[in-house]
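Those protein sequence lines, which keep their order, are chains A and B.
Counting in the working numbering, the first sequence runs from 1 upward without gaps.
Counting in the working numbering, the second sequence runs from 1 upward without gaps.
Please keep in mind that the hints were generated in silico from the structure rather than gathered at the bench.
Note that this is a predicted model, so its numbers are computed, not measured.
You may find that some hints are simply not true.
[Claimed, not checked] From the structure, some residues in chain B lie toward chain A, with a derived Cβ separation under 8 Å:
1. Trp12
2. Asp17
3. Tyr21
4. Ala22
5. Ala32
6. Trp33
7. Gly44
8. Asn46
9. Ala47
10. Ala51
11. Leu55
12. Leu58
13. Ser61
14. Val62
15. Arg65
Every residue gets a Cβ at the ideal spot worked out from N, C-alpha and C, and that includes glycine.
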Amino acid sequence: MLAAFLASLVECVEALTVVLAVGVTRGWRSALTGCATGLLLLLLLVLLLGHALARIPLHGFQLVVGALLLLFGMRWLRKAVLRAAGVLALHDEDAIYRHEMLALGGQAGALAGLDKLAFAVTFKSTMLEGIEVVFIVLAIGAGHADLLWPASLGALAALLVVAALGVVLHRPLARVPENTLKFAVGVLLCAFGTFWAGEGMGYAWPGADRAIPVLACAFLAVAALCVACCRRMAREVAR
Amino acid sequence: MSWLRKLLAELWGLFVDDGRYALAIVVWLLLAWLALPLLDLGGGWNALVFAAGLLAILAESVLRRARR
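Start from the sequences, fold in the hints, and give me the full structure.
Listed below in structure tokens is the structure:
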């Protein structure tokens, strides 16, 4: 039970990181709907398929999710870097949103729907990490049929602990400035996307899951360097 | 058919902001998946080269946009 709890805790924290990051920047409703839909679909899959789930090609799934996250994350990070450097206006998306609202004659209902990007990112992350948790439970339970229930309970306990952590953390995060958060979310999505795509290709990351924070630091360092370079270029042009 | 066009445009917009940038990411993903293992770097080097390529794509795209 403890092994399943600890292993599942790592996967749940990874999913929580993405859900928190997307929720704070793109809105909680879409992020939580994506996460809940992922969890429900996963539960349905577990109930319908059970042990057959272990036959899903995890590498293929990781590669597809990683590639899509990379496309989202790299696009997001590039925009945040250009905003931080002053190349793009800081609140251009707010201006676009207001412009669209005016163009639609205030049809708030149409725009108040789900944010597709937030939904898609949290849905895929929850599904991917959830499937990994299912694999962990099945792997531990495979040795002994008696171990399947304690392993399942361990995984469930990890999910509850991480959900409580999310409730505690979401308020302080909301006070961080918008572009700083978008910058951080871009860095996180790039790190997770790179890690999952690499795993999907069959690469062995040095340090396994511990490579994720290292990747995040690398993306942060390069992005910060780019901001500094862009600012310097802008100063030289102004002279 | 306009709804389909709108849907496809929205989907495209989720992934692509700068066409050249998105294309570079996809091409690098394919190269890293299909060609990088042929170099037989071993250990964790494939993963590190893959990550370094993505960092280079990000830096190149940001600096190119800033120069405009």
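Hints, one by one, checked against the model:
no. : hint  : result
1   : Trp12 : 11 Å, violated
2   : Asp17 : 5 Å, holds
3   : Tyr21 : 7 Å, holds
4   : Ala22 : 6 Å, holds
5   : Ala32 : 6 Å, holds
6   : Trp33 : 5 Å, holds
7   : Gly44 : 4 Å, holds
8   : Asn46 : 5 Å, holds
9   : Ala47 : 4 Å, holds
10  : Ala51 : 5 Å, holds
11  : Leu55 : 5 Å, holds
12  : Leu58 : 6 Å, holds
13  : Ser61 : 6 Å, holds
14  : Val62 : 4 Å, holds
15  : Arg65 : 6 Å, holds
The structure does not agree with numbered hint 1 stated previously, though it agrees with all others.
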